[in-house]
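J.: Chains Z and D are the protein sequences, given in the same order. Counting along the first sequence from 1, when you hit position 210 you're at 540 in my numbering, and nothing is skipped either side. Counting along the second sequence from 1, when you hit position 100 you're at 88 in my numbering, and nothing is skipped either side.
Worth flagging that the hints you see were computed from the coordinates, not collected in a lab. Here the structure is a predicted model, which means the values were calculated and not measured. Any given hint could be a false lead.
A few chain D residues facing chain Z, derived, Cβ under 8 angstroms [claimed, not checked]:
| no. | residue |
| --- | --- |
| 1 | Met(-7) |
| 2 | Val0 |
| 3 | Cys124 |
| 4 | Met205 |
| 5 | Ile232 |
Taking lysine to any residue pairs in the SDA-like style, the calculated list, with each CA pair at most 20 angstroms apart, reads [claimed, not checked]:
| no. | chain 1 | residue 1 | chain 2 | residue 2 |
| --- | --- | --- | --- | --- |
| 6 | Z | Lys504 | D | Thr(-9) |
| 7 | Z | Lys425 | Z | Ile344 |
| 8 | D | Lys76 | Z | Pro508 |
| 9 | D | Lys80 | Z | Leu358 |
| 10 | Z | Lys609 | D | Phe178 |
| 11 | D | Lys76 | Z | Lys425 |
Quick reminder that beta carbons are idealized off the backbone N, C-alpha and C, glycines included.
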Amino acid sequence: MGISLSKLTEKTNIWPWLLLAPLGIYMLIFFAVPLAEVAIMSFTEPKVSLANYQKVVTGALYQRVFLNTFVTAAFVTLCCLLVGYPLAYLMAHSKPRTAMLILLLVTMSFWTSFLVRTYSWMVLLGNNGPLIAFLQMIGVDKPPQLLFTRFSSTLAMVHILAPYMIMNIYSVMKKIDPALIRSAESLGAKGWSLFRHVYLPLTAPGIANGSVLVFVICLGFYVTPVLLGSPREQMVAGLIGHQIEEFLAFGLGSAMAMILLVVTLIILTIYHRRFGLDKLWG
Amino acid sequence: MNTFMRWAGFIVVLFIAAPLVIVVPMSFSNASSLQFPPPGYWLGYYRAYFTSMDWLIPTWNSILIATATTILTMALVVPATFALVRHKFRGKGFADLMMLMPMAVPHIVMAVGYYSYFGDLGLVHSHLGVILAHTCLSVPIAFLVLSANLKGFDRNLERAAQSLGASPAKTFLHVTLPILRPGLVISSLFAFIQSFDETVVAIFISGRDAETLPRKMFDSIRQEADPVIAVISTLLFFVVLLGIAAPYFASALRSRAPKPSRPAGAH
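If we strip away everything but chain Z, and leave its shape as in the complex, we get (with noise of 0.2 angstroms):
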């Protein structure tokens, strides 16, 4: 691959195009064709219309099933925060040693799969379980079912996310210039003050971003709230399973994933303005 890297470049502009093309015919027919299949299947399954939409609008089902999404992914959202601020604040203000040793489990648990920590979820909060046990131990006679409930579901999703808030929030602590701390505690604020006014703001950027990425992936949340979830309590991307590999709706499963796919992009959208979408990850 002869690239001519600095002569080229000013005179021709054929080499980029060349080097996107394979690429771009790849994504166009295995990214683009399936995504616009969903599309066209929400108007024409089973036959031409917008009864899909509309029975999606209009069914209590459905009305309730997507609210509980919505709900539900800002209520993980909500948690993620208040587990990950205290967690990035203990790493970011540790002795190397420790900090990297918390750093270390936070990594762990991002690249461990979501199965595998779904399934812990299912010993820990099991009837056999740890925690049931426990609840036993101290005098609870009928413990409640954990398992199989809102409760699960929403503990492991928090679980999950948690780590992707956690690096944002941490990332931009780290960075925090600790005269500004300084200044301000020299200025009189302390204690919660100082928290609220000055540090809480500074840290603002990490928060915005990590929320964002965790309400957009509980958003279309499929495998935990399937495997540990109520099944009266769906959340849309299991309802979108379910109408496919049930009962081959195709034309109502892609009306429920256009609409999901609709409001992700048009919160990455928002982001992507002010932000730009490739800080998002990095």
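We have chain Z already, so just place chain D on it with the hints.
T.: Relative to the frame of chain Z, chain D by itself:
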């Protein structure tokens, strides 16, 4: 405020760590259902994993699919990244954004699309179908890693080589490629992991014939929660630990060992 944050932080450490380590004792348990703490310990489920084709074939499928996905992803992404980082042209911003799109689209949406599209093409329940789909999903992460590396590349090194008479091809092979090697290795690794871990699309299109490990695990958790899952989880846990800890240990060893003195005669 400081003390409060620290205490809360320590509690969160437990919350993050507990689910990661609990699979290890579970994998040695002799209980036939999910029971913790285990009533007794044995290696039976390890034997079950390493002797059962029901588990070994999906493992093999996953390795095969992830390897092919990595090769195809890199073959497509490397030239494209050079085009996007080193050239200015109309529509570049749009192309940059398109590279990230597969990351923005929820996997369940793509799963519906592939299920129907590959159904028409006769590619469902085939290794090739999963590889083609996974390649799309691996493009963004491979591109992000590689473009970050390429942006930090000092082009004067190439100019120096060329001014010394190296042809563009030689420069690329002997200067550009070796310097980019760490970036290439890491982005290949990310593409591999992305494919190896991908669950949702695989559930819908891999079928019985190209069943991947995540699909098999998903089905098993959903149906009977086979304790073999704890074994696989433990094995995956140690693979990840090894992968993450190895660089730490390597650098710790290097900094502790006495600096090797330059052998006489080496320049």
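J.: Against each hint, give a clear statement of whether it holds in the structure.
T.: Status of the hints after comparison with the structure:
1. Taking 8 angstroms as the C-beta contact cut-off toward chain Z, the hint placing Met(-7)/D at the interface holds, the least distance being around 4 angstroms.
2. Satisfaction of the interface hint for Val0/D is found here, the shortest Cβ-Cβ separation to chain Z being roughly 4 angstroms, below the 8 angstroms cut-off.
3. For Cys124/D, the interface hint holds, since its Cβ comes within 8 angstroms of a Cβ in chain Z; the closest pair sits about 4 angstroms apart.
4. The restraint placing Met205/D at the interface with chain Z holds, with a minimum CB-CB distance near 5 angstroms, inside the 8 angstroms limit.
5. Because the closest C-beta pair between Ile232/D and chain Z is about 5 angstroms apart, less than 8 angstroms, the hint holds.
6. A hinted pair counts as satisfied when its Cα atoms are at most 20 angstroms apart, and Lys504/Z with Thr(-9)/D qualifies at roughly 18 angstroms.
7. Between Lys425/Z and Ile344/Z the CA atoms are separated by roughly 53 angstroms; this puts the pair beyond 20 angstroms, and the hint is violated.
8. Straight-line distance between C-alpha atoms of Lys76/D and Pro508/Z comes to about 40 angstroms, which puts the hinted pair past the 20 angstroms bound.
9. About 17 angstroms separates the Cα atoms of Lys80/D and Leu358/Z, which keeps this hinted pair within 20 angstroms; it holds.
10. For the suggested pair Lys609/Z and Phe178/D, the alpha carbons sit about 18 angstroms apart, so the restraint of at most 20 angstroms is met.
11. With a C-alpha separation of about 45 angstroms, the suggested pairing of Lys76/D with Lys425/Z is violated against the 20 angstroms cut-off.
Going down the numbered hints, you'll see the structure goes against 7, 8, 11, while the others check out.
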